[in-house]
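**Q** Listed below are the residues making up each chain.
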Amino acid sequence: MPESPTPIKRRNQLVDRNIRDTVGQSSVPNPRMRCKNVSVYYNFGEKKAINNISLDIGQNEVIAMIGPSGCGKSTFIRCLNRMNDTIDGCRVEGQILLDETDIYDKKIDVVPLRAQVGMVFQKPNPFPKSIYDNIAYGPKIHGLVQNRQETDEVVEKSLKRAGLWNEVKDRLNQPGTGLSGGQQQRLCIARTIAVNPEVILMDEPCSALDPIATSIIEELIDELKQEYSIAIVTHSMQQASRVSQRTAYFHMGDLIEIGPTEQIFLNPLHELTNDYITGRFG
Amino acid sequence: MSIHLQREIEKIKKEILCLGAMVEDRFQQAIYAFKTGDQVLAQKIMDTDFEIDLREVEVEEECLKILALHQPVATDLRFLIAVIKINNDLERIADYACNIAKRFIISSHDAILFKYDYAPMANQAGKMLRKSLDALVRMDVEMAYDVRDMDAVVNAMRNEAYEIMKKDIQRQPEKVAEIINMYLISRHLERIGDHTKNIAEEVICLIEGEIVRHR
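Protein sequence lines, in the order shown, are assigned to chains A and B.
Heads up, the first sequence is in our numbering, so the first residue is 1 and it goes up one at a time.
Heads up, the second sequence is in our numbering, so the first residue is 1001 and it goes up one at a time.
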């Protein structure tokens, strides 16, 4: 008797490029941050930069945001600690919850919020102060340390976590701006984690760094996810694929696809994601 | 970078199709030599197998180069992985074509040799090979599924040949070597069928993104 092959469940074709609804599972169980129907307008409502995005940031995960320039990924990440508040004419709609608290609630003070949801920028931006003071400043103003000894401990712990301690422990009083680019970026990460954040936002943290400094930061990101949730915006798809567990693809203000990183890079479901990551579209 | 990558991918596509055409040609020649008793052609198939081997190595090197230099993802990555595997399947099919030629040459010219009619089986394996390559050229997933389904027929034919030749051996035990040799041809054809099925399954994986082997 001929052997009959088992019928196979056939997968649908790629989702058409004209369909802009999010493909993939945007929510996760027990998220650290939950974004519901977030839209962002610039120029007093003239320009819609982000269109109705819902996305969760899970606990202890690295989520990468990728997409062409102007797709809204940086705008989105900046909503997560209200950095867009500083932009005149910018309006955020929808709801963003951090541990079930609406961060856009009128009662929320943005200063502690930005400690809870810290941010690391593209260009390392240490304060024009000593390495020690760069780290100590945050814990002091947030009242996390009471005396010199506690401050010393926080500085050492933060620099150790950021993998910078051994390189700077003998020159803590020297200016932070005197460090190399990669060291400055790690100093900024140390400064962020010194105030006990829950979430760390990183907006292209390695784009100004060489491959060695980049790989050190990437290793650090991997370690930091044990304690924090990390959302990273990157133009390097290889970086997204190396460091993240989930990847979100943005396109012209829409969240097109979200899914496990290995699925996005091996077997994306949306035509636009496939075109972007294979370089067929810029 | 992406235009470079697309150019390289187009090049590799041509190379694998060219190898496919060469292998199909070898297969048809082996069947023809067997059918007509053309010993010269059979010898030629064996003598020129190195050409396929060289091509196989070239295609693999080309794929490795693209992987290293462009680090492709998604469809491009799946395509290159599929090519690496199909490349290997094609080389094996050419080896089986050689083996068929070899069985034919080393057999004695006893009348028993041509007792079993391999034409239907060769025809079926040939169809599978052509169709699997067509599925690759046209990126036609339905065609690939057809090839997958066709494999059962070749397997059944091999089983039938086995039963017949088992009886032949019982009847003429002194001819056991020749009959086994003859049976091995059905085994080669069946293995060719398996490799075309592999090619078809690679095409399915390439298009649908899901591994369908062993299901």
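Where hints are given, some of them may not hold.
What the hints assert, rightly or not - Just so you have them, the derived chain B footprint on chain A, three or more residues with Cβ under 8 Å:
no.: 1; segment: 195-204
no.: 2; segment: 217-229
Stated by the list, open to error - Using 25 Å as the maximum straight-line C-alpha spacing, the simulated DMTMM-like pairs for lysine to aspartate or glutamate come out as follows:
no.: 3; chain 1: B; residue 1: K1065; chain 2: A; residue 2: D275
no.: 4; chain 1: B; residue 1: K1014; chain 2: A; residue 2: D105
no.: 5; chain 1: B; residue 1: K1085; chain 2: A; residue 2: E262
no.: 6; chain 1: B; residue 1: K1013; chain 2: A; residue 2: D275
no.: 7; chain 1: B; residue 1: K1065; chain 2: A; residue 2: E262
no.: 8; chain 1: B; residue 1: K1011; chain 2: B; residue 2: E1163
no.: 9; chain 1: B; residue 1: K1044; chain 2: B; residue 2: E1208
no.: 10; chain 1: A; residue 1: K129; chain 2: A; residue 2: E150
no.: 11; chain 1: B; residue 1: K1011; chain 2: B; residue 2: D1038
no.: 12; chain 1: B; residue 1: K1044; chain 2: B; residue 2: D1149
no.: 13; chain 1: B; residue 1: K1014; chain 2: B; residue 2: E1091
no.: 14; chain 1: A; residue 1: K47; chain 2: A; residue 2: D99
no.: 15; chain 1: B; residue 1: K1011; chain 2: A; residue 2: D105
no.: 16; chain 1: B; residue 1: K1013; chain 2: A; residue 2: E223
no.: 17; chain 1: B; residue 1: K1011; chain 2: A; residue 2: E271
no.: 18; chain 1: B; residue 1: K1035; chain 2: B; residue 2: E1163
no.: 19; chain 1: A; residue 1: K123; chain 2: A; residue 2: D21
Treat the hints as calculated values from the structure; they're not laboratory data.
We put the CB at the ideal spot given by N, CA and C, even for glycine.
**Q** Hints first: check each against the structure and report whether it holds.
**A** Hints and how they fare:
no.	hint	result
1	195-204	violated (count 0)
2	217-229	violated (count 0)
3	K1065/B - D275/A	holds (22 Å)
4	K1014/B - D105/A	violated (60 Å)
5	K1085/B - E262/A	holds (21 Å)
6	K1013/B - D275/A	holds (19 Å)
7	K1065/B - E262/A	holds (22 Å)
8	K1011/B - E1163/B	violated (46 Å)
9	K1044/B - E1208/B	violated (40 Å)
10	K129/A - E150/A	holds (20 Å)
11	K1011/B - D1038/B	violated (36 Å)
12	K1044/B - D1149/B	violated (33 Å)
13	K1014/B - E1091/B	holds (16 Å)
14	K47/A - D99/A	violated (30 Å)
15	K1011/B - D105/A	violated (58 Å)
16	K1013/B - E223/A	violated (41 Å)
17	K1011/B - E271/A	holds (24 Å)
18	K1035/B - E1163/B	holds (22 Å)
19	K123/A - D21/A	violated (33 Å)
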